[in-house]
Amino acid sequence: MNAAVTVQNLTVRFGGITALEDVSFTLNEGGFLAVLGPNGAGKSTLLKTLTGLISPSEGSVRIGGGDSQVVSYVPQLKTLDREFPALALELVVSGLRRRWPWRISGEDEARAMKALKSAGVGAFARTPIAHLSGGQLQRVYLARGMVRNPRLLILDEPASGIDFAGEGEFYHLLEHYQHDHPEATIVMITHDWSVARHHASAVLLLNRRVVGFGHPDEILKDELLRDAYGHRGHAHTMQVGE
Amino acid sequence: MLEAFEYAFMQRALIAGLIVAVVCSYFGVFVVQRRMGFLGNGLAHSAFGGVALAILLQQHLPALDPLWIAAPFTVAVALAIQWVQQRSRLASDTAIGILFSLAMALGIIFLSKTTRYSSDAMAYLFGSILTVSPRDVINAIILALLTIAVIPLWGRWAYATMDAELARADAVPVARDNYILTAVLAVAIVIAMKIVGIVLIAAFMVIPAATARLLTNRFGSMTIASVLFGAGSVLLGLPLSVQLDMPSGAFIIVLQSAVFFSAMILQKRHS
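Sequences listed follow chains C and A, in order. Residue 1051 is where the first sequence starts when you use this note's numbering, and the numbers rise one by one after that. Residue 616 is where the second sequence starts when you use this note's numbering, and the numbers rise one by one after that.
Because the hints were derived from the structure by calculation, they are not lab data. For glycine and all other residues, C-beta sits at the position ideal for the given N, C-alpha and C.
Covered, in the sense of this in silico footprint (three residues per stretch, anywhere, with C-beta under 8 Å from a C-beta of chain C), are these stretches of chain A:
#1 762-771
#2 785-798
#3 824-835
Anything over 10 Å on all C-beta distances counts as not near chain C; from chain A, calculated:
#4 Glu621
#5 Ile630
#6 Ala678
#7 Asp680
#8 Asp708
#9 Gly712
#10 Met719
#11 Ala720
#12 Thr746
#13 Arg750
#14 Gln858
#15 Leu859
#16 Phe866
#17 Leu870
#18 Ala873
Make the full structure from the sequences, and use the hints.
Okay, structure coming up:
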């Protein structure tokens, strides 16, 4: 099986602060990687390095076969201007064109509608983004990420803003996408260990350095979680176990 | 009412005013949506430093057009604002406040070193649409051509306005595009300032776009509506102001504001 993501001895520094240190792992095509770690562990920095938003200070990041691979990034909603005058459909088409669309062609509209419907928000295609709830907008962002059929889908805490019932459905959408695109790889930040256990094929436990990388059953263990999170990890494990 | 346009000065006012209105209303959608209203004001005041430097240099170079100094000076201030913003954690209004204060202060120092009084400084600061010279019309046409040249960047600027991080992740050169936007804004402000004055520039940069935003939910429609409101305010305001014997610039602002408040009432009724 081919490697979708290869990270070697990756170190990222911002001024005098080291956000990531000597991080190495390889994720195969078709994998679903859950990235876990406490706040400030460097999870978002890792994802931004994978998308090319941040350059490594040392080490390297290699995405699949190179530049020809299609990568989609689904960021947190906090950078979005919610008051920007836009329809959900336009937001998805921007994912296809990589610029804001002045006009939408019939072909682009059909592809965007298909992505919106598969994300469960087809009915909101012509709704202004300012009128969407956080959960609906997150699904529109997912549709935007999926519309160009990426080989690598990178998601930064995609379930934030989605209610408990919608959350499970959201992860099923991701699984469904991988079912339809078996070669597609997903890298996702989550704070929910049960999500990682039930949906991911691999877990990267991070606290600036790699604390653990492997199958969820091997990594989501009390000892490693305590290494990553300190005593809070132990407390959470106890609650989950109970 | 239309007889007034038989005069050459009125024809020049209409041509230059229309160009300035269209250009400023076009860039206004980015100014409003990026909450950069203070930048327009700051750059207009910064241009004072450039005009003052030009007046100082005119002592040795009498034929020097102040615009050729004011334009690069204001572009330099605009780029410095962008640079400070990107290299520091300061809010954009702080960066603008620092740089435009510095530019104004330099302007005062330059003027204090001039041995003769020049009315140019006042003409640039407060401009009058009814005293537009043929050279101003040419400058306005240059501004229109410059704006047409950067129209292909509309989609990238809009994308980065919506979500800069997403645009960066899609390989849009957001930082470079921001430098271009602020530099073009600076040129537009300097040229427009001589024609319509500082107060009218600030109005053109904000009111038509804000009105358009109230009436549409798509950025493309907002851009078109903003340009139409801006152009319409000059087409209607200029002859009306002459007919009513009122200062043209101020009358156009009142007209734009009336449309803005009407749009607010209309929007409230529909929602």
